[in-house]
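Asks: Take a look at the letters that make up each chain.
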Amino acid sequence: MADHTDRSARGIVRDVVSGHRRAAEVCEAALARIRAEEPRVGAFNTVIHERALARARTIDASAPEDSHAARLLGVPVAIKDNLCTEGVPTTASSRILGGFVPPYSATVVRRLEAAGAVVVGKTNLDEFAMGSSTENSSTGATTNPCDPSRTPGGSSGGSAAAVAAGMTPIALGSDTGGSIRQPASFCGLVGLKPTYGRVSRFGLLAFASSLDQVGPLANSVEDAALVLEVIAGHDPHDATSSVEPVPDYLAAIDRGVSGLRIGVPSDLVSDGVDASVQRALRGALDRWRAAGAAVVGISLPHARYAIPVYYLIATAEASSNLARYDGVRYGHRAVLGKEDGLQQMYDRSRDEGFGAEVKRRIMLGTYVLSAGYYDAYYLKAQQVRTLLRQDYERAFEVCDVVAMPTTPTPAFRLGEKTSDPIQMYLSDVFTVSANLTGLPAISLPVDRDAGGLPIGVQLTGKMFDEATLLAAGRALE
Amino acid sequence: MSTTLTRADVVRIAELARLELTPDEVDLFTRQLGDILDYVEQIRGLDTSGVTPTSHVLNRPVERPDTPVPSLSRPAALGNAPDAAHEAGLFKVPRVL
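Those sequence lines, one after another, are chains U and G.
Quick note on this note's numbering: the first sequence kicks off at 1 and runs consecutively.
Quick note on this note's numbering: the second sequence kicks off at 478 and runs consecutively.
If we strip away everything but chain U, and leave its shape as in the complex, we get:
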């Protein structure tokens, strides 16, 4: 069914632009693949068959003259269901957004469409992107296409699974503490969290506003670079989006790693890290060295505090952001009795609408922001966040990128960590630092364990230096 080129967005663009294939054929192949794989994988909350095909036919009827508007011509994409899509339900996998149909699209979705991409559907996630396994979803869990007994990771697990199962060549995810990189690692993909401010969040349902970024999941560095190039850049609708010029990422990926200094925080990569993951990191470092890079030891003394800092800051911001779901203007409203007033409407709509993990985080965030605890928890966490940033500033005096595992283990089993929130949080130990510091980070599929499960390695770069991460990733392909 699916042509082998359908794993490559650039391959599809070449075919469609040259007239070798029609966008509608590519779209039909993707939809057929979705029909065949969805019963096993469960990657999507919504598939928009008719709309996607209509859009593909429009592209076939009048291909753009402008090559800029054809950078993703005819490429099927999957969109994480916390990004607004005009006229298409957007749920964040939460009951509280049941029935919500956004009146506008996120800037990243508009940019993909303006480049010729065809949105085929919305992918499953941990509710409001809060989780690391895509099990905290009101629509049920997504499974890992590499092994159906395991999670695809999370929270962008649906996007990762859609790409890993060959349903779409590329997908968008969001990353607040590792939600693009960890599923990319678990599913054998390239996943990139751009620098804070590199990509617009307009139309992304906010979780933790000082941490959230949108980025690509893809089968290759080349496709990740292509998507980043399309979605990056200033957006007047998002005051946190940067005016920093967008470089030509595709041109940068082939520049090699000769002379690149790769820092490794060896003291961090020991306890609790699976032997297969340590081996994968060593293997990747050997290959980078052979390609001309130098590996240097660095120290990130505050990285061991990243998880507690992250869960204090992220939950505080979440408790504030999720206050908007009140049953007044959109989403779920509880059925009320005659005697019930506004207060009951708020309290009951939110209790019925939010799942357990979201409530847990709203509660924790409300607590750490409440009178008497603010200084001890929230302010303290923000200060340690500064110390962590300073660790990276010092490291970047002696290296250009920092290498570490993406996750301590390969994909864990469905149900393995659902009863213990802290165990689930610890799976983010290597990824949260990039969000707290704002630095760009990429997960690269470098190895497999004895059972065939993918293992990723993560590189963190300097602010706005995605190009070096992509070039280093390309050197391993």
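Hints were generated in silico from the structure; no laboratory data involved.
Every value quoted in this text rests on a predicted model; they were computed, and no experiment measured them.
Treat the hints with care, since some could be wrong.
[Claimed, not checked] Straight-line alpha carbon distances no greater than 20 Å define the calculated SDA-like cross-link-like pairs of lysine to any residue that follow:
# : chain 1 : residue 1 : chain 2 : residue 2
1 : U       : Lys338    : G       : Pro571
2 : U       : Lys417    : G       : Asp515
3 : U       : Lys462    : G       : Val534
4 : G       : Lys569    : U       : Asp60
5 : G       : Lys569    : G       : Gly556
Once you've looked at the hints, dock chain G against the given chain U.
Replies: Just chain G, lined up with the frame of chain U:
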């Protein structure tokens, strides 16, 4: 300060968070939030005196001209509202008083 989170604390936080928790949820969260607070306790020992907090990594002022631009129409803004009064152009909520 070691953390002992009580049921009463959880009930008070739930009120602040506008969540009507069931008794089972109160029990579960008393235990789980207590565990999480014990876990994050480790940062309290760090010396952070004189360290400027980071609330945001891009600490720069953002300005834009104060010019009106088109935004959502009233029907579009009301389109998702439960029980909206479309003709009057209003959101509707239960009586407040």
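Asks: Take the hints in turn and mark each one as holding or not.
Replies: Cross-check of the supplied hints:
For the given pair, U:Lys338 sits about 9 Å from G:Pro571 by alpha-carbon distance, which is consistent with the 20 Å threshold. A hinted pair counts as satisfied when its Cα atoms are at most 20 Å apart, and U:Lys417 with G:Asp515 qualifies at roughly 19 Å. Restraint check: the Cα-Cα separation between U:Lys462 and G:Val534 comes to about 13 Å, which is no more than 20 Å; the hinted pair holds. Between G:Lys569 and U:Asp60, the direct Cα distance comes to roughly 45 Å. Violation of the 20 Å bound is thereby established for this hinted pair.
Of the pairs offered as hints, the one joining G:Lys569 and G:Gly556 holds, with about 13 Å between alpha carbons and a cut-off of 20 Å not exceeded.
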